[in-house]
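S.K.: Following the hints, complete the assembly by docking chain P onto the known chain U.
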Amino acid sequence: MKRTVSCFLILAVALFCAFADVSFAGETAFDASVSIPPVENPWRFTGATLKQTFELDAYGDTTDFYLNAGFVFNAVDCSVTPFVSEAYADLFAEKISFRFGRQKATWGVAEIVSAVDVLTPSDLSDPVSMEKGAINALKVSYDAFPLAFELFWIPVFTPAVLPPMMTAMYQMYGIEIKRPELSLKNGEVGARAAAYTSAGDFALYGYYGWEDMPGMTGEYDRLMMAGASAAVPVGDVTLKAEAAWYPKRDAVFSAMAGLEWIKNDFTFIGELYGEWNKAEEKLSGQVGASISYTMLDGDLELSVGGILELRELDGAVMGGASYSFSDELKASAGVVYVFEGKDGPGTYGAFKNLSGVRLEATYSF
Amino acid sequence: MKSSKIVVVATFILMVATAVAQAADLTGLDIIKKAHEVPEPASSSVTATLVIHSKKGNEKTRQVIMKSKDYGDVTKKVIVFTSPKDVAGVGYLMFDYPEAADGSKQDSDNWLYMPAMKKTKRIAASGTEAEGSFMGTDFTYEDMGERAISKDKYTLLGTENVNGVACYKIKCESIARTEGDPDRVVYIGTDDYMLYRCEFYDRHGELHRVLACSDIEYIDGYACTKVMKMENIQSGTWSQITMSDVIYNTSAIDDNVFTVTALEQGRIR
Chain U
1 MKRTVSCFLI
11 LAVALFCAFA
21 DVSFAGETAF
31 DASVSIPPVE
41 NPWRFTGATL
51 KQTFELDAYG
61 DTTDFYLNAG
71 FVFNAVDCSV
81 TPFVSEAYAD
91 LFAEKISFRF
101 GRQKATWGVA
111 EIVSAVDVLT
121 PSDLSDPVSM
131 EKGAINALKV
141 SYDAFPLAFE
151 LFWIPVFTPA
161 VLPPMMTAMY
171 QMYGIEIKRP
181 ELSLKNGEVG
191 ARAAAYTSAG
201 DFALYGYYGW
211 EDMPGMTGEY
221 DRLMMAGASA
231 AVPVGDVTLK
241 AEAAWYPKRD
251 AVFSAMAGLE
261 WIKNDFTFIG
271 ELYGEWNKAE
281 EKLSGQVGAS
291 ISYTMLDGDL
301 ELSVGGILEL
311 RELDGAVMGG
321 ASYSFSDELK
331 ASAGVVYVFE
341 GKDGPGTYGA
351 FKNLSGVRLE
361 ATYSF
Chain P
366 MKSSKIVVVA
376 TFILMVATAV
386 AQAADLTGLD
396 IIKKAHEVPE
406 PASSSVTATL
416 VIHSKKGNEK
426 TRQVIMKSKD
436 YGDVTKKVIV
446 FTSPKDVAGV
456 GYLMFDYPEA
466 ADGSKQDSDN
476 WLYMPAMKKT
486 KRIAASGTEA
496 EGSFMGTDFT
506 YEDMGERAIS
516 KDKYTLLGTE
526 NVNGVACYKI
536 KCESIARTEG
546 DPDRVVYIGT
556 DDYMLYRCEF
566 YDRHGELHRV
576 LACSDIEYID
586 GYACTKVMKM
596 ENIQSGTWSQ
606 ITMSDVIYNT
616 SAIDDNVFTV
626 TALEQGRIR
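Residue numbers (the numbering used here), protein chains in the order written: chain U, 1 to 365; chain P, 366 to 634.
Looking at chain U on its own, in the form it has when it is part of the complex:
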């Protein structure tokens, strides 16, 4: 049955591609990373991967099919892992549109730590890129500019991709990670209403689903969220704010305030994130900042950034440089240093083994 459905889908896509405009692109990326102190036994290779991505976009006037997929070859253990980053179809009417399939979406206005971006799961397999995963969902959009509405139905829960050390920790304690049972009632829903005005962009969010990280028992807890965000241009800067209420979490309130300032080739982002833990009656917070600068006609981009947990004083700092030899070939180098807090590892310090230097080369076609 599964094979029949797959064959039918492949045939449908092939037929569509035959009658639509098609664009094809790809990227080959090689990266290698080396651990640095405070990692135990520093200066050893911790990873070397070759990632091949293919991108297909076939589109007509009212339809679109998009596929982003490929494979990762891990040179450390000689394994090959295929992946489908996104694979969705769009149907457009005048104001209403439908997107169904594997897709990514970002909620909120934060760049570093968001209070409202719960729709898609985290991908913690690569903490440097801080990418978000995709969801298998049906999205219905209604565009009544300056208003816009989105409704997501996610029938199948997608958990966060955990870092190997966290998966190992669950295994060590013999805790089995259990996903919610596959049933209609265990689906997730999300909604967003946005207004784009001259005064600024404002949005409301609602979500009912699951936490993307398992709890100490290995089970995923229910998650509800009601939130709002704003991005207001004032003079040279854009002020940003997010606030969210999580009735099923101990940390019931989360909020973010920040700004983005772009001056010529400089971009500065500063954000303050806080959450209120009702059970412990405790306020915790994080402050993050990044500065990026482009030079040599935009070929070289330098960036530094960091995040600090304000209670434990643990955090991470990172810096990097990226140089474009041509439109196709780019090389980058980056360093991440994760440090523990004053009384223990803390939120970020627990990942201190991720401290390292990373080199990457990408070829796009």
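A few of these clues could be false.
Straight line, CA to CA, 30 Å or less: simulated BS3-like cross-link-like pairs of lysine-lysine [claimed, not checked]:
no.: 1; chain 1: P; residue 1: K450; chain 2: U; residue 2: K330
no.: 2; chain 1: U; residue 1: K95; chain 2: P; residue 2: K434
no.: 3; chain 1: U; residue 1: K248; chain 2: P; residue 2: K484
Footprint (simulated), chain P over chain U, 3 or more residues, beta carbon under 8 Å [to be verified]:
no.: 4; region: 87-96
no.: 5; region: 222-236
If you're looking for bench data, these hints aren't it; they were derived computationally from the structure.
In this text the structure is predicted, and so the values were computed from the model without any measurement.
For every residue, glycine included, the Cβ atom is placed at its ideal position computed from N, Cα and C.
M.R.: Chain P alone, transformed into the frame defined by chain U:
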């Protein structure tokens, strides 16, 4: 026969004399106003090729689709990069507001869609940010919009030929003096009031950038500058925008393309 020739010559002399007299009466501000009044199509769709030339001689080429529509109280523009791969899908939506009767002008509304982040960012339009490089080119975000007449004071310096075209030479001095290039010298065609050249001077009065406009063609009765080259004299770089597939006043430009949702959905082709 002889008398009719005399009449023709006399009429020609009279016309030239009238034109010279009229030109002499025009102030720099009048000419700038006339340049702003050059008829523009209510809507347009253009494919533009951007060539970015580095100091070392390396070239990068970007292709964008640009659509715009004038709604009277606002002009909406959308620009989407189609190549190369590293910028494909990046989109820029801008709402530009006309100058009010008192000379004031509302800041434009700007959004930037970054497909890698699956996110649309609101961008501040006022102040120095507008002078930031437009997608790595020597053009700024402000260059992509229309500068309010009230922001400058104007002095007519005379007339000068630019590539064989007679132009008014006008000095435009920023009143606020907050811009990186507060002074400009613009060359406006005496016949068509089109911009043929613009020199940008920095705060030290040094020549910073030079814009050269060429290949002006008339499409459906509207003037279209098909080639714009911006040269950064100080850095030695230049960028050129070449227009193709120019379509004016077409009903095919749907109002729904000028929205953040359309930008995020990749519907602008």
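S.K.: Holds or violated: are the alpha carbons of P:K450 and U:K330 at most 30 Å from each other?
M.R.: Holds: P:K450 and U:K330 sit about 12 Å apart, inside 30 Å.
S.K.: Counting residues of the region 87-96 of chain U with a beta carbon closer than 8 Å to any beta carbon of chain P, are there 3 or more?
M.R.: holds (count 4)
S.K.: Do three or more residues from the region 222-236 of chain U put their C-beta atoms closer than 8 Å to C-beta atoms of chain P?
M.R.: holds (count 6)
S.K.: Given the hinted pair U:K95 and P:K434, is their alpha-carbon gap at most 30 Å?
M.R.: holds, 18 Å
S.K.: Does P:K484 lie within 30 Å of U:K248 when you go C-alpha to C-alpha?
M.R.: holds, 27 Å
In this structure, none of the earlier numbered hints is contradicted; all agree with it.
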